[in-house]
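Residue-level listing of the chains:
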Amino acid sequence: MSIKVENITHIYNEQMPYETTALDHVSVEIESGEFVGIIGHTGSGKSTFIQHLNGLLKPKSGKIYINGIDITEKKVKAPEIRQKVGLVFQYPEYQLFEETVFKDIAFGPSNLGLPQNEIEQRVYEALSLVGLDYREVTDKSPFDLSGGQKRRVAIAGVIAMKPEVLILDEPTAGLDPKGHKEILDMIKKMHKKEKNTIILVSHNMGDIAELSDRIIVMEKGKVVLTGSPKEVFKNADYIESIGLGLPPAMILMRMLKQRGKHVYTDILTIDQAEKQILNLLRSK
Amino acid sequence: MLRDITLGQYYPGESLIHKLDPRIKILATFIFIIELFLITEFIQYLWILLFLGMVIIISGVPLKFMLKGLQPLMIIIILTFGINIFMTKGEVLWTLGPLNITREGLHQALFMGSRLILLIIGSSVLTLTTKPIKLTDGIEKLLNPFKKIGLPAHELAMMMTIALRFIPTLLEETDKIMKAQMARGADFESGNLLKRAKSLIPLLVPLFISAFRRADELAMAMEARCYRGGENRTRMHELEFHYKDIIAFLVVLCLLGIIVWQRLR
Ligand SMILES: Nc1ncnc2c1ncn2[C@@H]1O[C@H](COP(=O)(O)OP(=O)(O)O)[C@@H](O)[C@H]1O
Ligand SMILES: [Mg+2]
Numbered sequence: 027m028s029i030k031v032e033n034i035t036h037i038y039n040e041q042m043p044y045e046t047t048a049l050d051h052v053s054v055e056i057e058s059g060e061f062v063g064i065i066g067h068t069g070s071g072k073s074t075f076i077q078h079l080n081g082l083l084k085p086k087s088g089k090i091y092i093n094g095i096d097i098t099e100k101k102v103k104a105p106e107i108r109q110k111v112g113l114v115f116q117y118p119e120y121q122l123f124e125e126t127v128f129k130d131i132a133f134g135p136s137n138l139g140l141p142q143n144e145i146e147q148r149v150y151e152a153l154s155l156v157g158l159d160y161r162e163v164t165d166k167s168p169f170d171l172s173g174g175q176k177r178r179v180a181i182a183g184v185i186a187m188k189p190e191v192l193i194l195d196e197p198t199a200g201l202d203p204k205g206h207k208e209i210l211d212m213i214k215k216m217h218k219k220e221k222n223t224i225i226l227v228s229h230n231m232g233d234i235a236e237l238s239d240r241i242i243v244m245e246k247g248k249v250v251l252t253g254s255p256k257e258v259f260k261n262a263d264y265i266e267s268i269g270l271g272l273p274p275a276m277i278l279m280r281m282l283k284q285r286g287k288h289v290y291t292d293i294l295t296i297d298q299a300e301k302q303i304l305n306l307l308r309s310k
Numbered sequence: 240m241l242r243d244i245t246l247g248q249y250y251p252g253e254s255l256i257h258k259l260d261p262r263i264k265i266l267a268t269f270i271f272i273i274e275l276f277l278i279t280e281f282i283q284y285l286w287i288l289l290f291l292g293m294v295i296i297i298s299g300v301p302l303k304f305m306l307k308g309l310q311p312l313m314i315i316i317i318l319t320f321g322i323n324i325f326m327t328k329g330e331v332l333w334t335l336g337p338l339n340i341t342r343e344g345l346h347q348a349l350f351m352g353s354r355l356i357l358l359i360i361g362s363s364v365l366t367l368t369t370k371p372i373k374l375t376d377g378i379e380k381l382l383n384p385f386k387k388i389g390l391p392a393h394e395l396a397m398m399m400t401i402a403l404r405f406i407p408t409l410l411e412e413t414d415k416i417m418k419a420q421m422a423r424g425a426d427f428e429s430g431n432l433l434k435r436a437k438s439l440i441p442l443l444v445p446l447f448i449s450a451f452r453r454a455d456e457l458a459m460a461m462e463a464r465c466y467r468g469g470e471n472r473t474r475m476h477e478l479e480f481h482y483k484d485i486i487a488f489l490v491v492l493c494l495l496g497i498i499v500w501q502r503l504r
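Taken in order, these protein sequences are the chains called A and B.
First residue of the first sequence? That's 27 in the numbering used here, and the numbers climb one at a time after it.
First residue of the second sequence? That's 240 in the numbering used here, and the numbers climb one at a time after it.
Hint data in this document are derived by calculation from the structure and do not stem from the laboratory.
Just so it is clear, CB atoms sit at the ideal spot from N, CA and C, and this is done for glycine as well.
Mixed in with the good hints, there may be bad ones.
Keeping only pairs whose Cα atoms sit at most 30 Å apart, straight-line, the calculated DSS-like set for lysine-lysine is [claimed, not checked]:
1) B:415 - A:246
2) A:176 - B:418
3) A:256 - A:287
4) A:176 - B:434
5) A:176 - B:437
6) A:256 - A:219
7) B:418 - A:219
8) B:437 - A:188
What follows is a list of derived Cβ distance ranges for each label pair [claimed, not checked]:
9) A:38 - B:370: 20 to 30 Å
10) A:144 - B:430: 16 to 26 Å
11) A:214 - B:316: 56 to 66 Å
Given these sequences and hints, build the entire structure.
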């Protein structure tokens, strides 16, 4: 499932006094099975960008190819794209509406017109992928669950459609540290198991640095940096200058360096930081 | 999609019309509507057109934007036009099957159609050039005299302010939930009436839940800041009349005078 975005521009409220150019000639390529992280300041156009990938928004100009098919063309059927590219919105728990968890997760698959036994199978799989116990929650009202559980049910609702590309827009926003870790572990596990393409929008630099094969940095509707986490975070000063943070491990190393310690600052994860600090202590 | 509704939307600007006192603008709009209904002859529309054209030019709101407000009401305009053109008896000009178009009908249809269009454009000038908050402030002030007979002017204005404040929020929310359900394969556009009504459930349930949640949060926030009705409440921006308000009002009154005089003659 390859995605190729060519030069797309999107303008909200065109020709009104408050028009905003949310995307400004954006080009991106994403390969099958890749884990891509998207970071950028609030209002940089991340959400607008990902909504183009499953045809919810149409660009003013430019092309979007999914597996070589141009989805900006009129004749392409929306349901087909939406089945292939699953999109989990920010605060997805606000879209829950059914009486039971089962029915809510089944909403997507039944819209695909699948037979009943297949739907049941998919709800079961989706629930286990998001780490919820099928028997415990299936007949419960989604509104009786905890915040973290609601969110996982909402994510399961998209996973149950078995998209080849899964896009998550700030899936951990507003969760407590435990809920945050659970969602993240779940995404990690799923990527390992399903080998699907994942696009993760997040403000948490630590998560992005650890999980992504490639990072896309957006600023004012443009892609300003892209590359592996190592490559991207080499531009630490630039990233800070556009109002973004750095991975915690990297911040720690930069502080140690400032105090005259001999450490590398181009590290991204806690594990790497641990090694560096151990080395530092041993060399004394 | 939903955001394209311009009727009742504010068009930011700094023009003279924008700066007029909302009370004057509300009263002027009322008088303008009365004027429209006092008109009996086509030629008198020239006065109205002259006045409206002047106001629109001063306001700096593009005409295109004004006309967009007509779109959602097009059905009503066409219906008015249609009923008048076919239902008026008189000298027959053309015959379309069982329907006759008469000279009087044509005249009546054009007359009524113009009145409706001018009415819509005229009143949208008010909402396009006045911030909703100012508008409700003005309404509250205008209703104040009626407090004596028990009209809860402040409460009414507060309710209106809140409602206006939440229209864009709810539209945004609707847009978001719709997209989220469409991402799960929901289809809001095709099928017969029953199917379409049913397809609204995934939209309406979350929308109501969120509206109630917001109402609850707002009530809580207002109470936390000790809000308690209108008694002895002062405001941050007191409304004041200036010379420009008086002049604007005189212009509208002049127009009324001309039309009344022509009618009485
Ligand atoms: N539905 C909309 N209507 C009008 N403007 C919008 C809409 N959605 C987003 N915008 C504007 O587009 C820009 C990009 O927004 P968004 O894509 O949500 O950024 P991000 O997800 O990176 O915070 C912002 O300036 C925002 O105000
Ligand atoms: Mg966003």
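Status of each hint after checking the structure:
no.	hint	result
1	B:415 - A:246	holds (22 Å)
2	A:176 - B:418	holds (19 Å)
3	A:256 - A:287	holds (21 Å)
4	A:176 - B:434	holds (28 Å)
5	A:176 - B:437	holds (24 Å)
6	A:256 - A:219	holds (25 Å)
7	B:418 - A:219	holds (28 Å)
8	B:437 - A:188	holds (25 Å)
9	A:38 - B:370: 20 to 30 Å	holds (21 Å)
10	A:144 - B:430: 16 to 26 Å	holds (23 Å)
11	A:214 - B:316: 56 to 66 Å	holds (58 Å)
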